[in-house]
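Undergrad: These protein sequence lines map, in sequence, to chains C and G.
Residue 196 in this note's numbering is what sits at position 177 of the first sequence, and the numbering runs on without skipping anything.
Residue 809 in this note's numbering is what sits at position 66 of the second sequence, and the numbering runs on without skipping anything.
Bear in mind the hints are in silico, worked out from the structure with no lab data behind them.
Some hints here could point you the wrong way.
As the list claims (entries may be wrong) - Not the full set, but computed from the structure, chain C residues with beta-carbon under 8 Å of chain G:
1. Ser-122
2. Leu-141
3. Gly-163
4. Gly-173
5. Glu-212
6. Thr-281
7. Ser-296
8. Gln-300
Yeah, the Cβ is synthetic: ideal placement off N, Cα and C, and Gly gets one too.
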Amino acid sequence: MTHMTPPKLLVIAESERDGLKLVTLAAVGCARQVAEATGGRFDILVIGAPVQAAVDALQGYGAANIFVAEAKELAVPTADNYAHVIVDVARMHGATMLTAAASTFSKDILPRVAALLDAGMLSDVTAVVPVGDEYTFDRVMYAGNVIAAVTLDGPVKVFTVRASAFPAAEKSGGQSPVVPIAVDRASLPNRIETHDRVATPSGRPDATEARVVVSGGRAIKNAADFERLVGGLADVLGAAVGSSRALVDAGITPNTLQIGQTGKAVAPELYIGLGISGAIQHLAGMKDSKVIVAINQDSEAPIFEIADYGLVGDVYAVVPELIGKLKLS
Amino acid sequence: MKILVPLKRVPDPDTKIRVRADGSAIETDGVKYTVNPFDAIALEEALRLREQSGTVEILVISIGTAVCQEQLRAGLAMGADRALLIRHDGETDSLGIAKILAELVRRERPDLILMGKQAIDDDSNQTGQMLAGLLGVGQATFISRLTIAPGSGRATCCRETDSGLETVTVSLPAVVTTDLRLNEPRYVTALGIMKAKKKPLEEIDAASLGVDIRSRTHVTRLTRPKGRSAGVRVRTVDELLQKLREEARVI
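Extracted from the complex, chain G is given alone in its bound form:
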């Protein structure tokens, strides 16, 4: 079985994000980058499938400039077999990324595309679903459990929805996107980092794929949301109840 796992380079979730004074972009000075946490969960799940059933090849893909090699090396250090960097510099949106991934799926023919449900930078939560639509394959989004019986050609997934849990089965190939509770990704070991240096990392120019990836979305201005300031401290439950009843009038 072959599994494709896209890894997006995003600011570390603990980084404080600041908007540049002119509103053109976020301040990137001093920002640490990491693999999108949901993508790391996807890769972890692929590694576990390999540990269970043996013959699984895991390909990690990133789209962007040369700096994304860092996230691909991290993926290789976690245990992926090979990496592919699609070189692209400029505006992108989920649909453009999905089109690139669709072309790579046609070339690589994976049985499963395992991806994060959303990237924690733009918080769009679109690419996996778009990819499934472009490929005309099944999708299972926001999953917290994945079972693939060997040789069945089917994936059974538990999805986390607003109202509860839903179990679905999709025939492979399919796109599956991960939610938080699927697993806890492993740490990269020193040995993993050593091994990663010898693993193949291929680069392809996005323009050479023959895919129209013009972004349909254009960010024109970034602003900081209106701040909320601290209110008052109350000392007792009685004082709190009095404020909520007489001042805020919410209970």
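Pulled out of the complex, with its shape left as it was, chain C reads as follows:
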């Protein structure tokens, strides 16, 4: 056994005005796992304005430090400014591994960070295994058809973690010191100007964070039906909604709902697919769910091959009955 050089991990938190995005806790969970296995330590970096709610939410997870870069110029995440700050902090504190939960936030920013640090990067990592002084990372490729074991050369390693593959960190108590980072406003690149950000209003949980996800596919004919059937069932279950790519392409659902290879990866306790055939690209984003239910008129639909419970039937008939009976109970 070679001697292990303990890593210094830096977790990039994702926060919004109203607080921490919960997917961050999967990255914290991964970092803590690696730190514990190697005798290393992890720090967390929170960027934005205001950040207090996110900083408070990150207390108690065992971070060696919570670095805070707060400046009004950083209120909205832009890849160039955020990458600039992350690179500064990583260099200043000698971070050897940078990680974040895979999301559009980290996918936008971390590759830019990796390039500025001349570091290799891996996306959507599902396992990190220390091997001597190095690591083997598992990640999925080819729409979830292949798991690759990958090594990463170089003194600094950058990776995003698939939130569904790591349990969210649990609080272990203790306070992490909060360390303010001085932001040199004049040095920010400011090459990206954000005009407006429109959150898709749903009033429903995010599919990556929900215990139950109800998802709709090709059998749903229009947006009103999607809302009535998929949204209606989700609401009686307190669930998030999701969509196959077919409905996004048809303009029936927004891309933010897309689950699959090119959308979100989810692994809820219960996944209910309504009128989803189960193309491999969709399965890539949900097949790690604990219990899968499929309702589809086509008894040959591939989704039945991975579903724990399959019901052959027309979603337009079955789902209203299901909603009605759930409401009664």
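Got chain C; can you put chain G on it based on the hints?
TA: Just chain G now, kept in the frame of chain C:
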């Protein structure tokens, strides 16, 4: 205006991917290849910009062995003006590819680099962002709308994020990566294929670019994910509810 569009050769999305028994690579026998679908969306958007404003030169680039000529010819047949193949045989990763592209941007001086947000083989979603970082230019990723007012030197983009939509403006040159809903790429016509044969396709050896493209990532083994087997079929909503309550205990 000059637009650079990288085209990656990837297995057709409808191809069944199999891992070789020794875990060293995927089985390539009988695999059909295509232009990465997100890259085709990027090229389509470049073609539309040309149709709107006239004076746009579109350069398509691929990096790999001679077989990538096939994807470049497809790009030319769609309507690109010229093609460049960077000959390279061996391991690569996103950072190495971004470094090659950065060197080509320095040589070709495009106003816009339009790329797919991810390749559907390794699903990394990194190269565009890395390229923007190396060049020190603005980036707009995962876009579903692109507007460039003639002569403005700026691109306004609608980005698709996990929580909704975001509109950003970047000064040109910039790197823009495409999401699904930006457009639907046109089909190649027989006329397009005829015309493509007369368009220039230049080849350059990657080693001659003077760029360090050693891959920092090394795939050591490929495996198939654990399969999931089919469970039971239920006949009625009542039976489904009973199973979910009493057997799976998830509702």
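Undergrad: Against chain G, with CB atoms and a cut of 8 Å, does the hint on C/Glu-212 hold up?
TA: holds, 5 Å
Undergrad: Tell me if the interface restraint on C/Ser-296 is satisfied: Cβ within less than 8 Å of some Cβ in chain G.
TA: Since chain G brings no Cβ nearer than about 13 Å to C/Ser-296, farther than 8 Å, the hint is violated.
Undergrad: Hint check: is the beta carbon of C/Thr-281 less than 8 Å from a beta carbon of chain G?
TA: Holds: closest Cβ of chain G sits about 6 Å from C/Thr-281, inside 8 Å.
Undergrad: If you take the shortest Cβ to Cβ gap from C/Leu-141 to chain G, is it below 8 Å?
TA: Holds: closest Cβ of chain G sits about 6 Å from C/Leu-141, inside 8 Å.
Undergrad: Tell me if the interface restraint on C/Gln-300 is satisfied: Cβ within less than 8 Å of some Cβ in chain G.
TA: holds, 7 Å
Undergrad: Is the interface hint for C/Ser-122 satisfied, with its Cβ closer than 8 Å to some Cβ of chain G?
TA: holds, 5 Å
Undergrad: With a cut-off of 8 Å on the beta carbons, see whether C/Gly-163 makes it to chain G.
TA: For C/Gly-163, the interface hint holds, since the closest Cβ of chain G sits about 6 Å away, which is under 8 Å.
Undergrad: How about C/Gly-173: closest beta carbon in chain G under 8 Å, or not?
TA: holds, 5 Å
In summary, the one numbered hint that this structure violates is 7.
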